[in-house]
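Chain by chain, the residues run as shown.
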Amino acid sequence: MEALDFALGLFDILLVFLVLSLAWLVMSSEDLFRAIVLFVAFGLLMALVWVRLEAPDIALAEAAIGAGLTGALMMAALDRLSSVKPIQKVAASAQRKQLSLSSKVLPLIALVLIVLGLGYALLSLPEIADGLTPNVKENMAQSGVKNPVTAVLLNFRGYDTLLEMVVLLLALLSVWSLGGERKLSPRSTNPILGSLCRVLVPVLILVSCYLLWVGADAPGGAFQAGSVLGAAGVLLLLSGWHVEQKYLLWPLRFILILGSGVFIIMAAVLLLIQGGLLTYPVAQAGWMILLLESAATLSIGATLAALFLGGVPKSRVDQ
Amino acid sequence: MGDLLTDAHWGVLLILLPLFGGLCSFLWPSAVKFIGLATVSAVALSVVGLGDQLLATGVYHHAVGGWGAPLGIDLYADGLSLFMLMVTALVGLGVSIYALDYFDQDEARRFWPLWLLLLGGLNALFLSADIFNLYVTLEIVGLAGVGLASLSGGGAALDGAMRYLMATLLGSLCYLLGVALLYHSAGTVDIPLLAERLESTPPVWAALGLICAGLALKTALFPLHFWLPKAHASASAPVSALLSALVVKASFYIFLRLWLEIFSVRTEGVDDLLGALGMAAIIWGSLQALQQTRLKLMIAYSTVSQVGYLFLVFPLAAIGTFSAWSAVAYLVLSHALAKSAMFLVAGNLMHFGGHDRIADLDRAVQRLPITVGAFALAGVSIMGLPPSGGFIGKWLLLNEALNQGRWDLVFVMMIGGVLAAAYIFKVLGFAFTQAPVTHEPKGVPAVMEWSALLLAVAAIVVGFLASPLMLILGIGETVELMGAGQ
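Note that the protein sequences, when read in sequence, are chains A and B.
Under my numbering, residues 1 to 319 are what the first sequence spells out, in order.
Under my numbering, residues 1 to 486 are what the second sequence spells out, in order.
For reference, chain A alone in the conformation it holds in the complex:
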């Protein structure tokens, strides 16, 4: 047992060292492509950090969103930047030369002070703080699910999640408000991508359903399931998935708002029946949460894939 503890301690030290050095490399890298690849690696290591902190739910989300989809989003952005990149590089290097000594030293001093202050505050935190854990445990029987994280996200603090769904939708609306239209990419001629897509997409959909279902009892849930679904969407988009224009208007928008819409309607109905915002009847809480999560999974997946496209989608046939 002691040997295991020692090994885990060494692993933790190595992990912290790797995470910090990767973070530094990401920021100091001049080549954006390299920075993104390093960032994805950083996200995977962060997922490991969450595992070591015994937060498997966050580890799953970090691996799927932090390492997976964020990387894809950044790659998509880099692809668009490719036409302006040379200019940018010149501008960046010019800016670097202009930085005077004081503009380097002053932020450094400020940062050191902030780090010292925060470090002191963190060290003087009470070592063991239960927070709300006992409270959550006490009420688990009434929550309708068996996974405490799902109970907090969908029941005890379900209102936060309702608003978070709106935040996600707003992210997409903000991207769309930039006004660009994006044509779906042409069918890929790359045979590897094609066969990869044929194998992976059904698997991803299955994994997504599993994560959604298992979220009631074990780590998993709508956000993890949704991001896996989003990854399937990204793969489909890359391989040149053909979607007719008529499905990109009303049906797409319907899926995008489904998660927050079902949440709001459920909240309003429960307000009328139970007299409280999102007050589930204990016996019905289980399936109501599953319904909310299923709708949220679809919306999260569609939103993430649409974010990857980066504009109002347009069918490629419809010229």
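Calculated directly from the structure, the hints in this document are not laboratory data.
Think of the CB as a built atom: it goes at the ideal place given N, C-alpha and C, for glycine as much as any other residue.
Keep in mind that a hint or two might mislead.
Said to hold, decoys possible - Only part of the chain B face toward chain A is listed, based on derived beta-carbon distances under 10 Å:
(1) A144
(2) S150
(3) H184
To be verified - Only pairs whose alpha carbons sit at most 27 Å apart, straight line, appear in this in silico BS3-like list of lysine-lysine:
(4) A:K246 with B:K33
(5) A:K183 with A:K246
(6) A:K246 with A:K314
(7) B:K426 with B:K230
(8) B:K230 with A:K104
(9) B:K33 with B:K442
(10) A:K314 with B:K230
(11) A:K183 with A:K314
(12) B:K426 with B:K442
Stated by the list, open to error - Here are some, though not all, of the chain B residues that point toward chain A, as calculated from beta-carbon distances under 7 Å:
(13) L23
(14) G66
(15) L114
(16) I140
(17) G147
(18) G154
(19) G155
(20) V410
(21) M414
Given chain A's structure and the hints, the job is docking chain B onto it.
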């Protein structure tokens, strides 16, 4: 029927209605104006309903999910929340009416969903009694604000929106880190429970610093205002009005709320720092406003200086009473009305002449008398001349400063008033003179002129409504108790 009205969950409706309206307007782009106006009107009626309820029964309290703090989230509305909801509904209604004619169909389809979701976020923010829930609402407000700021397209708007995004995200993250420290220190994120449990320890101090810094950045308190002028000036007129009148006030409201309920007893020295930054903001913002050649930039810098006045309350309220806190609420209200009117006026002038160069306003007064009248009335309130709402707010603040012998504050407020008069009369002066540049003027729809005027008139009229408004502000006695308890 009477029972039904006072028992209804107006507070919850105020959150669900605009969110639902936002989703509907996204789903049915062709009916976007109708859905938008209906939603904003329904929200305004719900605010009236909530006000009626609060006057009859005192504070509104709702345990979301039936759990109650600390496990669940509580909604809470007292006089201060109601006051902010009223400001939001009033300005929102005015700007919405203006937006009906301002945007073409394509822009309207993008504007309304963002604005309705922003409205839902603002209402949720003013009704929350939970610091983590406040973070989520801040995210809604921030992201919707960025989306709206980038709406007008073009390089300047995108640049402004990008700076705004960076600033607002940094502010949110600072706030969130502070929330994490407070949660770890006290085991709750509920504001009343935090007020009971928090002690003066290093983590609480760090949390106070982080939360104040994050919110000051979002409120654009000098010297953290660097993102505001560009973002507010390059957005389209209704958006600038919403950002300057409401979005900046939302983070200030959290500042005020946390200060009143959590941080008030633990803060020697911080209040003087905030006061000093406020004074610097008044002078710096006014001087910058005076130097601008573009109308919208001038109005944006005026916001920087008017935000400064709001922060003068912290040193005064340390030993002050109700009047210092009510002064700041009054300033929030009158600035929101006057500033939104001013940005709408700027929109009218740009629509009319195709530019917003102050020097080339070209006898606008003869061609757009209602618009220029709106600007003058809004200016009266910004300068703080009687009998406007701005006058009441500044007079209460000045009175408090005199009583406490804070001559530095008195001096800065006087200078700020004079500088405000200078930049407003500069615009009015050019509106009367004939410019050498002639151009093809475009007619301005009557709706756009009248909605700007109505908001400006409201900024004056609130100057006569001091006693009913103070009555509303006193509901729940949060403000009164905290002021007296010092």
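Here is how each hint holds up against the structure:
Look at A144 of chain B: its Cβ gets to within about 5 Å of chain A, closer than 10 Å, so that hint holds up. A hinted interface residue such as S150 of chain B counts as satisfied when its beta carbon comes closer than 10 Å to some beta carbon of chain A; here the least separation is about 6 Å, so the hint holds. Because the closest C-beta pair between H184 of chain B and chain A is about 5 Å apart, less than 10 Å, the hint holds. Note on K246 of chain A and K33 of chain B: the hinted pairing holds, with a Cα-Cα distance of about 23 Å set against a maximum of 27 Å.
For the suggested pair K183 of chain A and K246 of chain A, the alpha carbons sit about 14 Å apart, so the restraint of at most 27 Å is met. This hinted pair checks out: K246 of chain A and K314 of chain A have alpha carbons roughly 10 Å apart, not beyond 27 Å. Simply put, K426 of chain B and K230 of chain B have alpha-carbon atoms about 21 Å apart, close enough for the 27 Å limit, and the pair holds. Taken as a hint, the K230 of chain B and K104 of chain A pair is honoured in the structure, with Cα atoms around 25 Å apart against an allowance of 27 Å.
For a cut-off of 27 Å, the pair hint linking K33 of chain B to K442 of chain B stands: about 23 Å separates their Cα positions. As the CA atoms of K314 of chain A and K230 of chain B are separated by approximately 32 Å, the hinted pair breaks the 27 Å bound. Straight-line distance between C-alpha atoms of K183 of chain A and K314 of chain A comes to about 5 Å, which keeps the hinted pair within the 27 Å bound. As the CA atoms of K426 of chain B and K442 of chain B are separated by approximately 24 Å, the hinted pair is consistent with the 27 Å bound.
Because the beta carbon of L23 of chain B sits about 5 Å from the nearest beta carbon in chain A, less than 7 Å, this interface hint is met. The interface hint given for G66 of chain B holds, since its Cβ lies 4 Å from the closest Cβ of chain A, which is under the 7 Å cut-off. Against a cut-off of 7 Å between C-beta atoms, the interface hint on L114 of chain B holds, since the closest Cβ of chain A lies about 6 Å away. For I140 of chain B, the interface hint holds, since its Cβ comes within 7 Å of a Cβ in chain A; the closest pair sits about 6 Å apart.
The interface hint given for G147 of chain B holds, since its Cβ lies 3 Å from the closest Cβ of chain A, which is under the 7 Å cut-off. At its closest, the beta carbon of G154 of chain B sits 10 Å from a beta carbon of chain A; the interface hint therefore is violated under the 7 Å criterion. Interface hint at G155 of chain B: violated, since its Cβ lies 12 Å from the closest Cβ of chain A, which is beyond the 7 Å cut-off. Checking V410 of chain B against chain A by beta carbon gives a least distance of about 33 Å; that is not within 7 Å, so the hint is violated.
The closest approach between the C-beta of M414 of chain B and any C-beta of chain A is roughly 34 Å, which is over the 7 Å cut-off, so the hint fails.
Hints 10, 18, 19, 20 and 21 from the list above are not met by this structure, while the remaining hints are.
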